[in-house]
Amino acid sequence: MRNVIAAVTSAAALLLLAGCMTVVDAPVGTYKVGEAYQVSLGRHWADVSAIMLDRSHGVHVLSVDGPLLNRLYLSEGLGAGDSLVKSTVKEKPTPTYKTDFSPTETVEFVADSVAALGYQKVETSHLRPGRFGNEDGLRFDLVAKTTDGLDVSGSAMIAQKGGRLYVILFLAPTEHFFGDAAPEIDAIMNSVQFHGV
Amino acid sequence: MRFAKLIAGVALALSAPLASAAPVLERQPHLRPPDAGSEEAGLWDATDKAERAARASGELDADPELNAYVKHVLCRVAQEYCDDLRLYVMDRPFFNATAAPNGYVEVWSGLLLRARNEAELAFVLAHETTHFARNHSLAAERHLKDQANGAMALGLILSAGMMAGGAYAGVSASTIANANTSIINISYLGAVVSYFQFSREQEAEADQGGFDRLVAAGYDPNAAASIWQHLIDEHGQSDFDAVRKGHAAGSIFNTHPLDGERLSALAAAAKGKPAGDLGVERYRAAIRPHLTAFLRNDLLRRDFGETLSLIDRLMADGGDAGVLGFYRGECFRLRRGPEDADRAIKAYEAATTAVDAPTETWRELGDLYVRQHDATKARVAYHAYLDRAPDAQDRWLVESQLKKLDQSEGT
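Taken in order, these protein sequences are the chains called H and W. The first sequence begins at 1 in the numbering used here and counts up by one. The second sequence begins at 1001 in the numbering used here and counts up by one.
Just so you know, these hints were derived from the structure itself, not from any lab. Every residue, glycine too, gets a C-beta built ideally from N, C-alpha and C. Check before you lean on any hint, since a few could be wrong.
These stretches of chain H come out as covered by chain W in the derived footprint (C-beta under 8 angstroms, 3 or more residues) [claimed, not checked]:
1. 96 to 104
2. 118 to 129
3. 139 to 147
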């Protein structure tokens, strides 16, 4: 009985804590990704970072219709040992970035991070060169499924600069939501400007 | 972690002996509960819902040949219950199988990867069939209802399961209140599994019943003890303390408590019995088309100690040396411990001598040689990769690596 009461108390405390977290506007225009770089938003987004408990520190998450329908991850620049997705269970570690990753390993890092978010059957395709601001980078597409079988598509752009990994990753259900946002996502990826450049 | 503790705490509260529960008779084949209002009908309704979720799940492995093969093995041991059981292979990299009261059976890919032969798989399926035949889930529910707070506890498990599922899918607690039906279904499945934890007595009974079915079907009796022994050995090599102690989420030992007594009983039961069918070749042939996907999925757990133990065991049996050797190298490459780069290179190099080595083996070798500043070997490996995979989507990337090597040598 004591265990049951403790569990109820923990659950209630967690829900109260979550209720204090806020979603803030990310209006049309410049969106700063920490001190590292900025992007231009062509439509009104919501910054849902505060309620995305599994994102790592320095990772921003934006959404238009809610994180189940579209989510855009923007990393400030991951250093050695940093992850895109925070591990919530010790026995389920999430991928961590290493500064000597090969280009293939950076793609694998993003794909495995998507899997760590709970997506199933994550596959990457259409690997191609990309420009992350003024840096050479990689672009690629993803497909996956949610645990309940919904098809999800993704688009990612990554670059390594000064020992840090910069990631922009968009995920949305394949039906309607991904295609609907694709032009905006391309525009955001093309708008990256590193600060101080 | 706190979700896991929450669930574990509730499970602990429910894990008292089942002595006070009313006895449950063995079920008759082809029988649905006649009374829609009965407690058994309620259980069927709950597991019908879980089955619908499994059918739509992104984790479902719908490969018809694999499903037909596993169903064939299931029917060979389930016999009179064959028509009552509906099988679903799920791509989950953990060793587990369940048979729900309504006849819905899940077999996880982690089990298929870990069984060394058909007889070992058959024993686990026979064990689950015994849980089904003896209505162990119904006994568990009666036990729960005997507890003063049973109803509240079940509700709490369902809520906790929902929150844990939501957190893992990247949804915070504040959005769970608005979660759609699909999210609820995902977690519902996990909650139902948590609900039906079996007692040691029921496990021993399922072992004995499973063993009898295994032998009656003509399989090798030693497979019963050997599959549990392999699993215990593998858990012992885990990178994580909780897994080594058998307490980790997803571990079969959470829902199927296993101890030395059960293992000894199975080994003793097999003593003196004539050897039976192992079905090694049949099993490897059925699993081979899925081996790469299963191993890739297993690596996502990032428990390299367990995966290495598993691969070494499978390699000892012979066959699939290229694929197994490549994933042995992958374990070291991803783990990145001291000397792991050298170990990875050795594993990849060994894999390249086998006919079934994946083409990626040469690319990974190239990348590791680059990291070790061995431009000559890197160049050879990259060219070997491009020769084998001329249409690879990363051809341009490997070519640019080669160009960089040429440039760095020219300076």
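These are the hints, each one checked on the structure:
no.	hint	result
1	96 to 104	holds (count 5)
2	118 to 129	holds (count 9)
3	139 to 147	holds (count 4)
Checked against the numbered hints given earlier, the structure satisfies every one of them.
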